[in-house]
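Asks: What follows is each chain in one-letter form.
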Amino acid sequence: MSASQPATLETPSPVSVLGRGAAAGRRRGEGALAGRLTLRALALGYLALLLVAPVGMVFYRTFEHGLDAVWNAVSASNAQHAFWLSLEIAAIAVPLNTAFGIGAALLLERGRFRGRAALGVLIDLPFAISPVVVGLTLVLVYGKAGWLGGWLADNGLSVIFSVPGMVMATAVVSLPFVARETMPVLRELGTDAEQAAATLGATAWQTFWRVTLPAIRWGVVYGVVLTSARALGEFGAVSIVSGRIEGQTQTLPLYVQDRFENFDGTGAYAAAVVLALLALGTLLAMNLLTRRARERGAR
Amino acid sequence: MLGIYLSALVLLPIAALTAKATSGGPGVLWREITNPEALAAIKLTLVVAVVVVALNAVFGTLIAWVLVRDEFPGKRLVNALIDLPFALPTIVAGLVLLSLYGHGSPVGVNVAFTRASVALALLFVTLPFVVRSVQPVLHELELSMEEAAASLGAGPFTVVRRIVLPSLTPAIVSGVALSFARAVGEFGSLVLITGNLPFKTEAGSVYVFAQIQNENLPAAAAVSFALLVAALVVLGALTFVSRWSSKHVR
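Each protein sequence line maps, in turn, to chains A and B.
Take 1 as the starting number for the first sequence in this note's numbering and just add one per residue.
Take 1001 as the starting number for the second sequence in this note's numbering and just add one per residue.
FYI, nobody ran anything at the bench for these hints, they're computed from the structure.
Treat the hints with care, since some could be wrong.
[Stated by the list, open to error] Output of the computed footprint for chain A on chain B, the stretches with three or more beta carbons under 8 angstroms from beta carbons of chain A: (1) 1056 to 1069; (2) 1083 to 1091; (3) 1095 to 1102; (4) 1127 to 1141; (5) 1180 to 1192.
[Unchecked claim] Some chain B residues well away from chain A (every beta-carbon gap over 10 angstroms; in silico): (6) A1080; (7) M1145; (8) K1200.
In this text, a Cβ means the ideal position worked out from N, Cα and C, and glycines have one as well.
Can you build the whole structure from these sequences, using the hints too?
Replies: This is how it looks when you write it as structure tokens:
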């Protein structure tokens, strides 16, 4: 190709350029197809080895001894308790974080005040911190030797090694999701409708409930899905503040570890599969929501 | 209200950590961090995180490319599965990897309790970051520029190197930064598969956990502080680099 190039360049007739392009295109077409198949094989192979095969294996290990064994494992009283405790903690932490996330998103997108950037960084901080460190920071404030430990003890309140501390740990690690998912929707939305509502005499509260919230609800819901998944699955932070007392402060992820370390593979795998199914449900919800958002965007 | 919530959950606890880590002065902080076991754990964490992040940059970009530019049956399912490591609880992620690549592995690969297992777990939990940050950029990228380059005689490698990669660099960098921060702090997925062997497979977060269990809070706070600073520095630096490159690439 390079040898013939100078000649063609001297006589730049549109026809010759087109002809050369087509021939080269065909050659490249074959090369590109082989290249594309290689890349596809590499990408899918990587995903299969790292993701699909291991997850499939957990399902196989769980059900290889039959359904009865799985049923016995998930209906064990400690497993049941752990499951309901996980749900209870999520049921408290998720609404708190949702209210906080919407408020923070409004403040960051609509507010004009000094330190806005700092607030944004602060809200994102839990994603940069190890869950173990999150647990430690809570112990240092609310534990028996912590900053507020003495005051809490004097008032008969226990935070660390009991459910309130576990709710706090869960809330910290899942703090940024709702704000993060709501902010771009708010930005996209603009303030026209809100200003119109205000001009027509709506109070700030009415504007929020009737105009803003309905417009951003799918962003919020997406954030809630992510928050819930993280809340149900949190391990490190909860592990530190819970004290891991069987049948008392043991959530489902902690139960998985406990069963595994006590050589109860069936119990560990069965509880893990319950959590994996919740995760797959989360994925499904996320996909339905993004499709919905895309359809709305297309209209 | 928002302020109280944020103070109770983030601000006050971080302040308490900083106070605890620095209460003995820089000398004590330094001694705790350079304690041989702590140092080994921090080193392992940083080295493995760098390796994992490099692999993520390559495979994440590759997967994003295949998901945007290629067409094959089941593509939407594959696309949905990318987020699985984010949805799956970390302790389950560890168990998942252990069931295929642990003792009694059906494929005869047993990495449990080795350093490779640390890398494997971190690769699993950080998989989505680069893919998800590169995908939208690749989607927006005009094919016409690549076609123009190709019709002017550029081979596929030249097109990728001169046209595609420069446009993707900011997205790859931001995905890498998030992966790195996550890898440095990861805990749950490491607990079951690495065996938490001091000086061998004990990562920084696992060391912190062990110190908390031993009620050695000064050591836990010092290493936590170091990990926190490492994650923030890398996040900050890479955000800066990505802003700079997105301004100067074109």
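Asks: Kindly indicate which numbered hints from before are broken by the structure, ordering the numbers from low to high.
Replies: Per hint list: 4, 6 violated.
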